[in-house]
Amino acid sequence: MSKPSYRLGSLFFIAFMLAILGGCQENSDTDEDIVAYISLNEDSVFKQTFDQLALGNIFDFHLKLPQADQSWVDIWVEGYKNGQKVSDHPITQLSFGNSPKEVNEGPMGFGIINPGDEGQLYFLYGPGVSANPHEIEEEFIIESGMTGWEDGVGTETVRLTSGETKILGAFRHTENSMETYDLSDPEAVERMIQEDTFVLLVKIKVEKRD
120 MSKPSYRLGS LFFIAFMLAI LGGCQENSDT DEDIVAYISL NEDSVFKQTF
170 DQLALGNIFD FHLKLPQADQ SWVDIWVEGY KNGQKVSDHP ITQLSFGNSP
220 KEVNEGPMGF GIINPGDEGQ LYFLYGPGVS ANPHEIEEEF IIESGMTGWE
270 DGVGTETVRL TSGETKILGA FRHTENSMET YDLSDPEAVE RMIQEDTFVL
320 LVKIKVEKRD
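Position one of the sequence shown corresponds to residue 120 (our numbering), numbered consecutively onward.
Treat the hints with care, since some could be wrong.
Below, computed lysine-lysine pairings styled on DSSO-like, alpha-carbon distance capped at 27 angstroms [to be verified]: (1) K324 - K166; (2) K200 - K322; (3) K200 - K327; (4) K285 - K327; (5) K204 - K322; (6) K285 - K204; (7) K204 - K324; (8) K285 - K220; (9) K324 - K220; (10) K322 - K285; (11) K285 - K324; (12) K324 - K200; (13) K322 - K166; (14) K322 - K220; (15) K220 - K327; (16) K166 - K285.
Keep in mind the hints are simulated off the structure, nothing from the lab.
These numbers come from a predicted model, not from an experiment.
Work out the full structure: start from the sequences and follow the hints.
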């Protein structure tokens with residue numbers, strides 16, 4: 120299969136899977152002060168299929184918004200290279216909210232298509248929404264060395280209050296050995312940024328808006 124056809128097929132697959140998974144929802148009681156629940160989807164159908172087709176790397180989560188009709192969600196990716204932030208603006212972002220539903224939930228995450236090959240793309244998605252895949256900037260094209268994901272959520276469900284920013288994960292590249300960092304520790308995050316060749320930090324913030 121040619122690269123243009125492979126890329127087009129990958130994009131159709133992503134759109135199809137997000138449409139299906141975005142409709143899977145379930146309700147339960149929630150704490151009034153909590154605006155979002157986030158858990159890691161290690162064995163989701165989306166991730167399994169993504170891996171089986173060797174499309175690239177994906178960090179897949181489950182996001183639940185118990186007050187979705189009063190909430191606004193911002194998900195974005197910050198890029199760092201050689202210890203410096205490459206831009207004051209996110210390299211990609213996705214915003215959504217004020218749902219007609221009181222409770223909204225579904226898959227959320229960040230993916231990279233074809234890492235290490237030409238035509239590398241990245242994309243963000245949330246329950247029922249997604250950002251168009253972007254070509255990866257030259258600073259973050261992978262040609263050699265080691266890459267890996269750093270999880271910022273863990274095995275327990277994360278609860279967010281209004282206005283709280285959470286690092287969901289980091290996609291990292293280094294020419295040397297790769298250490299593990301605690302993404303809930305700002306000092307550890309700064310060490311990772313300084314020691315790795317480049318880091319993509321995936322962040323989320325949910326605000327309650329009346």
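Going through the hints against the structure:
no.	hint	verdict
1	K324 - K166	holds, 23 angstroms
2	K200 - K322	holds, 17 angstroms
3	K200 - K327	violated, 33 angstroms
4	K285 - K327	holds, 15 angstroms
5	K204 - K322	holds, 15 angstroms
6	K285 - K204	holds, 18 angstroms
7	K204 - K324	holds, 20 angstroms
8	K285 - K220	holds, 24 angstroms
9	K324 - K220	holds, 19 angstroms
10	K322 - K285	holds, 6 angstroms
11	K285 - K324	holds, 7 angstroms
12	K324 - K200	holds, 23 angstroms
13	K322 - K166	holds, 19 angstroms
14	K322 - K220	holds, 24 angstroms
15	K220 - K327	holds, 14 angstroms
16	K166 - K285	holds, 22 angstroms
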